[in-house]
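Colleague: Chains as they are written, first to last, in numbering that gives the first Met the number 0: chain A, 0 to 336; chain B, 0 to 86.
What the hints contain is simulated information worked out from the structure, not anything from laboratory work.
Just so you know, nobody snuck in bad clues.
Cβ-to-Cβ under 10 Å is the rule here; a few derived chain A residues that face chain B:
1) K15
2) D16
3) N17
4) T18
5) F21
6) Y35
7) L36
8) E39
9) K283
10) D290
Note that beta-carbon positions come from the ideal geometry of N, C-alpha and C, so glycine has one too.
Residues per chain, in single letters:
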Amino acid sequence: MKQPKYLFNAGRMSRKDNTLKFTPVDEAGIEGQPRYLPIEQVGDLYVFGSLDANSALYNFLGQEGIAVHFFNYYEHYTGSFMPREYLLAGKMQVDQTKHYMAAKKRIEIARRFVEGAANNILRVLKYYDNRDKAKDLTEAICLIERLLASVPMAVDVPMLMGIEGNIRQTYYGAFDAIVGQTFCMDGRSKRPPQNELNALISFGNMLCYTACLSTIYHTQLNPTISFLHEPGARRYSLALDLSEVFKPILVDRLIFRMINKRQLQPSDFRSEVGGCVLKDAARKRFVQGFDEQLKETIKHRALGRSVSYRHLVKLECYKLQKHLLGLEEYRPFKAWW
Amino acid sequence: MYVILVYDMGQKRVGKMLKLCRRYMNWIQNSVFEGEMTEVQLRELLHEARRIMDEDEDSLILFKNRDQKWLDKQIIGVERQSTDNFL
Chain A
0 MKQPKYLFNA GRMSRKDNTL KFTPVDEAGI EGQPRYLPIE QVGDLYVFGS LDANSALYNF
60 LGQEGIAVHF FNYYEHYTGS FMPREYLLAG KMQVDQTKHY MAAKKRIEIA RRFVEGAANN
120 ILRVLKYYDN RDKAKDLTEA ICLIERLLAS VPMAVDVPML MGIEGNIRQT YYGAFDAIVG
180 QTFCMDGRSK RPPQNELNAL ISFGNMLCYT ACLSTIYHTQ LNPTISFLHE PGARRYSLAL
240 DLSEVFKPIL VDRLIFRMIN KRQLQPSDFR SEVGGCVLKD AARKRFVQGF DEQLKETIKH
300 RALGRSVSYR HLVKLECYKL QKHLLGLEEY RPFKAWW
Chain B
0 MYVILVYDMG QKRVGKMLKL CRRYMNWIQN SVFEGEMTEV QLRELLHEAR RIMDEDEDSL
60 ILFKNRDQKW LDKQIIGVER QSTDNFL
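Here chain A stands alone, though its shape is the one from the complex (with noise of 0.2 Å):
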């Protein structure tokens, strides 16, 4: 199976022999061993750290459809080399652009964006309000099921994004209650995030947009039509649609496992001016534990088999594509465990 590639130390990438060679700098500009990555096997490369490349590399990338995820210092996405498209569908393009003109067509797909994120965030608050009788959440459960439940009622899409707005910040006010003894929450912020939780969330976030990304490249829907979020220039809203759905799963779970097992700490933090950073060890951490979380299988009950994490994101796509063909209607996934 085609893997992901981190890239967290600075060096030079370059062709070599019909496949990618990676020579890492160290910080006195000396060379190290240079490694081989078998470009058959590689799926995606997430630059980190600083990359040396000439544009032969991004030719040969292009060519064999790998994309290329870029981060700036403050672990911000900054962009993507994303090779030519090459699975082409005007009948599709067609479809995804008429569903996105026809109010009431775009609101329905919208919803259901909504509906999904909300049940999963709720099958997230559930599990932690099980697990420990001592923290209450059911406070949050029931605001957030009566926001849901109002959900079907939303006429357009900007009361569409208040009501999902509403339940995001209920869910992020019961953060406190599931890693308070560590993390203090206090609020939500970004731009840059304030505190150590907030700069996980918005890291994590980020990665699960990068990964919706690149699973839409592999399929033809496009990218920038998006439903729920107002599809603007040069962005890839596609991406923000469909990652609300998986963030509770993929993303704030891992958040919540690796600070209750204390496998990130208040030391692994930097304060910047203005804001907080993750340190780099730190930081590769938890891109480790986001990769395995992803590798991760469970046991599909429509399909019988098991799938992993990052296919559950590509059957998502493709039950979009069905409903924008008029297959059969988009139901969202949600998580049942």
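Starting from the structure of chain A, add chain B where the hints point.
Modeller: Structure of chain B alone, referenced to chain A:
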């Protein structure tokens, strides 16, 4: 499928074999590669390998495993190259 590939080639062909294997698998030691691959990828690799090899002199040995998790790998001494996804 998880594969461990070992080859022994004549000096003239050993470099070609190394380059070919690098495209599909992770190098772990001189003449030894390992990695996850599909049935089709393995067939591609073997097809190419046969064209490089002199089958009267060289040898190529494959150890196949259904999954990496059934493989108990022990390293004594220095790990020449790790095979993980984090660089």
